[in-house]
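Build the full structure now, drawing on both the sequences and the hints.
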Amino acid sequence: MNPIFEKVRKSYDYIRTVTDFTPDVALILGSGLGEFAKHMEVEYEIPYCDIEGFPVSTVAGHDGRFLFGKVEGVKTVIMKGRVHYYEGYPVTDVVLPTRLMIMLGAKKLILTNAAGAVNRDYKPGDLMLITDHISTIVPSPLIGENIEEFGTRFPDMSHVYSQRLLDVARNSAKEIGITLREGVYMQFSGPAYETPAEVKLARTLGADAVGMSTAIEAIAANHMGAEICGISCFTNMAAGILDKPLNHKEVSEAANKVSHIFEGLVKNIIKSM
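Using full-length UniProt numbering, you'd call the opening residue of the sequence shown number 1 and step up by one each time.
A hint or two may mislead.
[As the list claims (entries may be wrong)] Cβ-Cβ distance ranges computed for the label pairs, FRET-style:
no.	residue 1	residue 2	range
1	P191	T136	35 to 45 Å
2	D20	N247	36 to 46 Å
3	P47	S189	18 to 28 Å
4	K271	T179	29 to 39 Å
5	K107	R170	17 to 27 Å
6	R16	P191	32 to 42 Å
7	P3	P47	19 to 29 Å
8	K200	G144	25 to 35 Å
9	K244	V18	44 to 54 Å
10	P196	S158	30 to 40 Å
11	P191	E35	19 to 29 Å
12	D167	G105	17 to 27 Å
[To be verified] Here are the computed lysine-lysine pairs in the DSS-like style, where the Cα-Cα straight-line distance is at most 27 Å:
no.	residue 1	residue 2
13	K244	K200
14	K10	K107
15	K257	K174
16	K70	K267
Quick caveat, the hints were computed from the structure, so don't treat them as lab data.
Predicted model only: the values in this text are computed from it and were never measured.
Backbone N, C-alpha and C fix where the C-beta goes; we use that ideal spot for every residue, glycine too.
What follows is the structure, encoded as structure tokens:
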């Protein structure tokens, strides 16, 4: 058995000793959505540290547990605290939770993150629907022997972000009166923020936002046939756009300021999926 698949399978087997809960939707909480669980009827909680060999988040503000329950009546599994590539884990460990949630039954995945705005028309506090991504700066989670149980060797990436869910998100934003930007997200490795030259590169390549997560999770989920919706919360203008240094504390504070709007949108999307 492929060791990467075996690791996901062992995590799956452990969770099935705790609960037979089968989610319809999986949600990965980025910065600004840490309190989203208050909108959930939680039935089970499983700390990552209880799962043998499971990667654990080391970043301040990122909890480390799975929550199983219902959001607006929809059976949902929430990843409260994600793992990032810059924490030193191999890329296959970074996407292990994504693969696990889909293996547990989730056919739809919502990815959220805090991001830096590259598009000068956007500003901190805006929410952006991800229509596509650029992931060439970070290694693909599909490199190596293909895991047939997950998907085909050469998966199509024409529509990583489901056209149907893009429409669901647009309509959900209109229903609750939120202005929802749209654009391309580019993932960098981190943990250092991008340099002005790298931000210029991202803009030249067509990116509207930059961050340190999401794209590789989307690749892994697309490989497994899940429908994906991605949303970025702009917490700052990317480096070089404003003459101002970046720091994690300010990013977290900016995300928290718009958390109620972010939560409302995600809750409405789940209800409408």
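We went through each hint and held it up to the structure:
no. : hint                    : verdict
1   : P191 x T136: 35 to 45 Å : violated, 19 Å
2   : D20 x N247: 36 to 46 Å  : holds, 44 Å
3   : P47 x S189: 18 to 28 Å  : holds, 27 Å
4   : K271 x T179: 29 to 39 Å : violated, 20 Å
5   : K107 x R170: 17 to 27 Å : holds, 21 Å
6   : R16 x P191: 32 to 42 Å  : holds, 34 Å
7   : P3 x P47: 19 to 29 Å    : holds, 24 Å
8   : K200 x G144: 25 to 35 Å : holds, 33 Å
9   : K244 x V18: 44 to 54 Å  : holds, 46 Å
10  : P196 x S158: 30 to 40 Å : holds, 32 Å
11  : P191 x E35: 19 to 29 Å  : holds, 24 Å
12  : D167 x G105: 17 to 27 Å : holds, 24 Å
13  : K244 x K200             : holds, 16 Å
14  : K10 x K107              : holds, 20 Å
15  : K257 x K174             : holds, 21 Å
16  : K70 x K267              : holds, 11 Å
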